[in-house]
Amino acid sequence: MDNQRNIIMAVVLCGLMLLGWELAMSQFYPQPATVGQAQREDVPADRALLADGDGGAAPAIHTREGGLSDPADIARERADIGTLLADGARVPIDAPRIAGSINPVGARIDDIVLKTHRETVDDDSGPIRIFSPAGTPAQQFAQFGWVADAGGGNIRVPDARTRWQASGGPLAVDSPVTLRWNNGQGQLFTITLSIDRYYMITAQQTVANTGGGAVALQPFATLNRTDRTASVDTWTIHSGPIGAFGDGVQFGPDYDDLAEARRASGEGRAHWIGFTDIYWLGALIPQDGASPEADFRSLGNNIFRADVIYEPVVIQSGQQVTRTTRLFAGAKESAVLDVYEDAGVEKFGLAIDWGWFRWFEKPIFWLLRLLYDLVGNFGVAIILLTVIIRGLMFPIAQKGFASMAAMKAIQPKMKALQERYKDDKQKQQQEIMALYKSEGVNPLAGCLPMLLQIPVFFALYKVLILAIEMRHKPFVLWIQDLSAPDPATILNLFGLLPFTPPSFLAIGVLAVLLGFTMWLTFRLNPAMTDPVQQQLFNIMPWVLMFVMAPFAAGLLLYWTTSNILTLAQQKYLYSKHPQLRAQAEKDREDKLREKESPATGAARDKGKSKA
Amino acid sequence: MKQALILLARLWQIGPSRVLPPSCRFAPSCSQYAIEALGKYGAIKGSWLATKRIMRCHPWGGHGYDPVP
Numbered sequence: 002m003d004n005q006r007n008i009i010m011a012v013v014l015c016g017l018m019l020l021g022w023e024l025a026m027s028q029f030y031p032q033p034a035t036v037g038q039a040q041r042e043d044v045p046a047d048r049a050l051l052a053d054g055d056g057g058a059a060p061a062i063h064t065r066e067g068g069l070s071d072p073a074d075i076a077r078e079r080a081d082i083g084t085l086l087a088d089g090a091r092v093p094i095d096a097p098r099i100a101g102s103i104n105p106v107g108a109r110i111d112d113i114v115l116k117t118h119r120e121t122v123d124d125d126s127g128p129i130r131i132f133s134p135a136g137t138p139a140q141q142f143a144q145f146g147w148v149a150d151a152g153g154g155n156i157r158v159p160d161a162r163t164r165w166q167a168s169g170g171p172l173a174v175d176s177p178v179t180l181r182w183n184n185g186q187g188q189l190f191t192i193t194l195s196i197d198r199y200y201m202i203t204a205q206q207t208v209a210n211t212g213g214g215a216v217a218l219q220p221f222a223t224l225n226r227t228d229r230t231a232s233v234d235t236w237t238i239h240s241g242p243i244g245a246f247g248d249g250v251q252f253g254p255d256y257d258d259l260a261e262a263r264r265a266s267g268e269g270r271a272h273w274i275g276f277t278d279i280y281w282l283g284a285l286i287p288q289d290g291a292s293p294e295a296d297f298r299s300l301g302n303n304i305f306r307a308d309v310i311y312e313p314v315v316i317q318s319g320q321q322v323t324r325t326t327r328l329f330a331g332a333k334e335s336a337v338l339d340v341y342e343d344a345g346v347e348k349f350g351l352a353i354d355w356g357w358f359r360w361f362e363k364p365i366f367w368l369l370r371l372l373y374d375l376v377g378n379f380g381v382a383i384i385l386l387t388v389i390i391r392g393l394m395f396p397i398a399q400k401g402f403a404s405m406a407a408m409k410a411i412q413p414k415m416k417a418l419q420e421r422y423k424d425d426k427q428k429q430q431q432e433i434m435a436l437y438k439s440e441g442v443n444p445l446a447g448c449l450p451m452l453l454q455i456p457v458f459f460a461l462y463k464v465l466i467l468a469i470e471m472r473h474k475p476f477v478l479w480i481q482d483l484s485a486p487d488p489a490t491i492l493n494l495f496g497l498l499p500f501t502p503p504s505f506l507a508i509g510v511l512a513v514l515l516g517f518t519m520w521l522t523f524r525l526n527p528a529m530t531d532p533v534q535q536q537l538f539n540i541m542p543w544v545l546m547f548v549m550a551p552f553a554a555g556l557l558l559y560w561t562t563s564n565i566l567t568l569a570q571q572k573y574l575y576s577k578h579p580q581l582r583a584q585a586e587k588d589r590e591d592k593l594r595e596k597e598s599p600a601t602g603a604a605r606d607k608g609k610s611k612a
Numbered sequence: 017m018k019q020a021l022i023l024l025a026r027l028w029q030i031g032p033s034r035v036l037p038p039s040c041r042f043a044p045s046c047s048q049y050a051i052e053a054l055g056k057y058g059a060i061k062g063s064w065l066a067t068k069r070i071m072r073c074h075p076w077g078g079h080g081y082d083p084v085p
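In order, the protein sequences belong to chains A and B. Just remember that this note's numbering sits 1 ahead of the position in the first sequence, which is counted from 1. Just remember that this note's numbering sits 16 ahead of the position in the second sequence, which is counted from 1.
Isolated chain B, as found in the complex:
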């Protein structure tokens, strides 16, 4: 499960993300963040952290350096 989710994030990075103009407010990017979070906390908590991160990824959210806790 964890591996599948990481693969999903990787696919996003090498697929759509390449084509899209840069839009990351944060460093690391949401997908990178997801991969790290999944690796560190597993499928469930990792996904939750990644989801929370994406939810902050809008003009009123935060920005800047925001690593996986």
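Isolated chain A, as found in the complex:
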């Protein structure tokens, strides 16, 4: 059936063009080796302060989800975390979604794990760590402070080594923590931290001037991280510096470009600024109404910083001034981001890189969530989604079959026309068109139905890998994470053999099912007249098996289900139009016979015109 084939081909092409490209790019242009990191000193804090030349560390391999990939780094991170977090002066954080601690040295929030998101798909893997102290391999932290303004006298301000006095705590909902430091010159600095139910920490930075004269200070907040833990940055999904400036969200620059440019910013007022991974976001939200300087910097050694630096404030003797900055440190859960956006954080919902295609992705996302809430299994939800989409497309298929049946009725006239104008293809085409018109049939579905399938497929592709709601969601049996590639790679006998096949050979069971079901659907179609095209159709399923294998298991599940539904639909429609089935079978036999002995082609033609 032409229409069916069109749709499949459309999806095939869509897959090849949009997705195969990405595969090819990562194959031929692997992530450039990142510059080595700080030399390995024994004290992590000292390592962080070393901002000189490149160490000899192995270049980071960026994984899909991000995080450290080098075993040495992972071991060192674990050891560092153990020693650093043992410091008894740390103030614990214990909120519903966030755990961790505040470092009173430097007033840094440098220890955050997310309680509701696991590190790996294993049930007993710990919560995912997104903030890690300075000098650790997975460094990421936020720091609040002040810069002494040149014109405001030479006053002492707190720095990275300042030890603050903490009171209150642990930091929890409705239980703020206050850090205090007196510079001994009459200025009292306080930072009051509070946290909400999700991922937002509010920092109120106050300077009280009890000295004799006025002082001028610039409050700031910075976010500092390494790019070694960044998730892979692809052309459809940005991982790296991100911010909302002026009217839009800026997904960029990339870490590499920033490392080269040293400094980058956005246009217009900064609503928020930070760094994003595919699932995690650290962002600073400046005080409402303030117009701080907000930019990204590269500090070398794979370390990057996002700064919010307020305009200088002059504090008269006996006065105090407060700046309130919010820090988002958490998972990009769409609903949570929307809550913050509704509460006034501009464009926060767009921190998820939906792209310009979000008008199509959001409904798919919404529908998937709805189905998931109904059935409680994302795999089943994806299957139901497929059924719904195919259901919507069913009338088109039915119409196509009805047209085919009508075509069959005018077959003799067709044949006659083809005979009469067999030397003039142009004329033949026109006459056939005229015949269609006079008989009121057209077997061809047109291009719109297949064009419509492309955005659905692309939207699902993006939703599956982008939405954290799909992360670590199991289906059945061995498929524990529908947003990741099928882990059951056949080449190493499902992990029994002790090697990891190269990524382009890592074909999972789902990919084979996809190839096989597609081959079945292609087989159902009438044989193509053009042998080159026929060849293409024969190899297409197996090519796609390789191309699609590295993609999210959920996407393969969708496609495989779609193929099975195509087969079922075909069976049903043939049962309603038995004469078409007879025709299809005859065509197939003819084709086979022709293959065996081309000489009998003429005899077959004679037989056909009688049919």
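Careful, some of the hints might be misleading.
If you anchor each label on the Cβ, the simulated ranges turn out as follows [said to hold, decoys possible]:
no.: 1; chain 1: A; residue 1: W357; chain 2: B; residue 2: G78; range: 29 to 37 Å
no.: 2; chain 1: B; residue 1: T67; chain 2: A; residue 2: G247; range: 27 to 35 Å
no.: 3; chain 1: B; residue 1: G78; chain 2: A; residue 2: G290; range: 57 to 65 Å
no.: 4; chain 1: A; residue 1: P364; chain 2: B; residue 2: G78; range: 26 to 34 Å
Coverage of chain B stretches by chain A, computed from C-beta distances (three or more under 8 Å per stretch; other residues unrestricted) [what the hints assert, rightly or not]:
no.: 5; region: 18 to 29
no.: 6; region: 76 to 85
Take a look, some chain B residues computed to stay more than 10 Å from chain A by CB distance [unchecked claim]:
no.: 7; residue: A43
no.: 8; residue: E52
no.: 9; residue: Y57
Keep in mind that the hints were calculated from the coordinates and are not lab data. All C-beta atoms in this analysis are idealised placements derived from N, C-alpha and C, irrespective of residue type, glycine included.
Given chain A, work out where chain B should sit, using these hints.
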């Protein structure tokens, strides 16, 4: 702009369209129609005409000979 759009339609014709099974309900084909419309009416009106044509290109749309007006 106009040239870029025509190029796009040409690329479609020599690329994906070759591989796809014939699906045109109309003569001339949508891509040919787009090229002619763009040439005759320019980028904006031409694109609009081409879009309208594609929107008609489904089982309930028309078919047959349908040249650029």
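For each hint, the structure was consulted:
no., hint, verdict
1, W357/A to G78/B: 29 to 37 Å, "holds, 31 Å"
2, T67/B to G247/A: 27 to 35 Å, "holds, 31 Å"
3, G78/B to G290/A: 57 to 65 Å, "holds, 58 Å"
4, P364/A to G78/B: 26 to 34 Å, "holds, 29 Å"
5, 18 to 29, "violated (count 0)"
6, 76 to 85, "holds (count 5)"
7, A43, "violated, 5 Å"
8, E52, "holds, 16 Å"
9, Y57, "holds, 21 Å"
The structure fails to meet hints 5, 7 from the earlier list, while all remaining hints are met.
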